[in-house]
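Dock chain B against chain A, hints included.
Spelled out from the first residue to the last, the chains are:
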Amino acid sequence: MSAHASAAGGPLLEIRGLHISSPSAPLVRGIDLAVHRGESVGIVGESGSGKSLTCRSALGIVPDPLRVSADRLAFDGQDLLTLSERRWRSVRGSRISAVFQDPASYLNPSLTVGRQLAEVLRIKLGRRRGAARREAVALLDGLGLRDPARVATRYPHELSGGMLQRVLIALAIAEEPDLLIADEPTTALDATVQAEVLDVIADLRRERGLALLFVSHDLAVVAQVCERVLVMRHGVVVEEGRTADVLAAPRHPYTRALLDAHDEYGLDRLRAHVPSAREVVHV
Amino acid sequence: MSETSLGEPLALLQDATIGYHRRAAVLHDVTLRIEQGESVGLIGETGSGKTTIARTLLGLTTVHSGRVTVGGRDLARLRGRALRTFRRDGVVQYVFQDPLRSLDPDIPVGDSVAEGLDVRGRLDRTVRSSRIAETLHAVGLDPELASRLPGALSGGQRQRIAIARALILEPRLLILDEPVSALDAANRVHVLDLLRASAAGRSFAQLFISHDLGSVAGVTDRVVVVYRGRIVEDGPTAQVIAAPQHPYTRLLIESAPTLESAGADRERRAELRALVAQGGTGA
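Chains as they are written, first to last, in our numbering: chain A, 1 to 283; chain B, 1 to 283.
There's no promise every hint is true.
Stated by the list, open to error - With the Cβ distance kept under 10 Å, some of the chain B side facing chain A (calculated, not the full set):
| # | residue |
| --- | --- |
| 1 | Ile-43 |
| 2 | Val-127 |
| 3 | Arg-131 |
| 4 | Ser-255 |
| 5 | Glu-260 |
| 6 | Val-276 |
Note that these hints are calculated values from the structure, not bench results.
Since this is a predicted model, take the numbers as computed values, not measurements.
Ideal Cβ positions, reconstructed from N, Cα and C, are used throughout, including at glycine.
Excised from the complex, chain B in its bound form:
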């Protein structure tokens, strides 16, 4: 795990064991640092604990042991009003997989985008609309779209609305949980391009959760692989893909569809599957 950068990271899970019950923990001794402005990919299979890590960073899980801090605040100790204030401040924002289900179908998307601002307190009308317009512009949408309902937008536009809704609160960490899995090829590229550009801007950190290594690799500087509730790999994206250490990471890379016919890789995948099933580390 990367221990090189000194000082307080933006977000930190230190030897954290997390889950509904200590004896049935979802995550075991997880250590993960996210630095200011960094773009980190979090990859793993369904049920591996990716989303639990994300929920932990929002203060939505029970931490049985270890430490969780975000922006210097110890989340395990926040209770009641303090926890609500932390969430309302919007330091951490979350974008979900399916924008159709995360946006209210009966509210114009501009109002959905402004909802976080409205919760914080009343804003001057013109200030509010210019903030909405600025944010829509920042995610590559025409501000004119603010008056539309989600149903009148394409999947990719809706997902950009969901991202705008998170960004208007100027978060320091944006969590994207499978943000392109429900999108078509063309919309997927639009959203990935947007995320890549905002990662390059480094004004906020991104945690990009996906089971698709290709999308993650195009957007992030660093990738973290979770397997059965443990972090099994953590390193610079290009390095992890060129020289993966854990058999599960190797299997993931071998499983990504390439434009060549799969015949040649079949045996290697079969070997890796057997190795992963045995729980071998192989390293």
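Pulled out of the complex, with its shape left as it was, chain A reads as follows:
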């Protein structure tokens, strides 16, 4: 559980009337979004729908020529719109952290992953060198990496995509944030590795009460981990609701098209009960 005190009642992340525009065109046009403590919310949409920009506004990292305005953009009761860059540093990474699609590009290729993780623990949490090293290994262990002490001594290029994404998740949760923003974290991964990373994220939520804002172009992936889902298109939310309800009775044609695509080209249709490893091995 997070050690941070919470403002009673209200949502952890609250976005109302969010607009983001480039000098030539509006990109996000009036989004409302709330994530409550411990809740998992998914945003589904195609590239260019504004889903990533919405997330970036909650991290204060919308790229420069773009302009952000909102009726309200707040985290745990604190207004994010007027936050100075100095104050952002005590929020970003500490209370809201994030993982993105291509883990390798967020790591320094010339430092071992253990050292990069320990550095965060030393600088942000003031751990001593030895304690930071041990804690880094413990974090990697917690994410189900086999032989975490050895993984810690590896450079990014020596690890697979799935391992790197788990290292990134370890970095993201090192300061015990309240909210994890995951923007297409499994898109670049193999199917089996994708499932493994999604399982890791689900475990973290259960163990730490972490709230999750999960972005994907794949409705089925969001269905794996999110209680609530928003469907975005051309900068607006076209549908939202409990994931189970949206899947059972989609209202917007775009959501229906996504579900039809899954019926056509998903495995649900062909999948039978797959015997468990144990059942098969002992036959």
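Same frame as chain A, but now just chain B:
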């Protein structure tokens, strides 16, 4: 492995060991038959050897032992001019993952589509343009698009251009290497629908490479699973998915995101992962 059909298949790898060096082979004793007009899915994780199989069918790899034939020609024996003629004939055509990178950004897409024809020899102008128009029509594109540059098309349109470019040479085997991985949901469905229709037409064989079992299952009659350089499963698609034999295949199926929450499958996946990691066959 299927040994039932008699006579010479369109493409055959027989006990083939392939790789940069015999002692560091990428594929070990691989046997794979592709019949005329058949649509075969090739699935496996990154680095398993899927693309090496495809490159072998183009005569681009070193075959250390075993036999590789395509259209009755022994590729291991083709050298120099004979190999170039084989490639220029376009018996085997290849479509890559990212159409933006496989199409020249400065050439109108119609000229890109006709490039294979141009290499074979000069064609009458009107014949050439009508061949381009026919082929664009066949992949569901407006022939008017021929004068556009790739940058002016959507991802799905670009991938259909890449497919048209392959089909204009009337190949007997079309290799599609992750053809929809870089596409959005809507474009993905368009391209998969096209591939499914051409598979049903049976005028040429398709080898559909992917790490996404769902896409493969929607398009192919037969699926082949590669794991660490060996073929571990080969059978009718519906049968492999309903009753997979190898633990890796079972893990793949369990890993495909379904529209139900993943909670129930988690333990089974964990067991299968352990089994796959031990290298157990489980069958």
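Quick rundown of the hints versus the structure:
{"no.": "1", "hint": "Ile-43", "verdict": "holds (9 Å)"}
{"no.": "2", "hint": "Val-127", "verdict": "violated (37 Å)"}
{"no.": "3", "hint": "Arg-131", "verdict": "violated (31 Å)"}
{"no.": "4", "hint": "Ser-255", "verdict": "holds (4 Å)"}
{"no.": "5", "hint": "Glu-260", "verdict": "holds (7 Å)"}
{"no.": "6", "hint": "Val-276", "verdict": "holds (8 Å)"}
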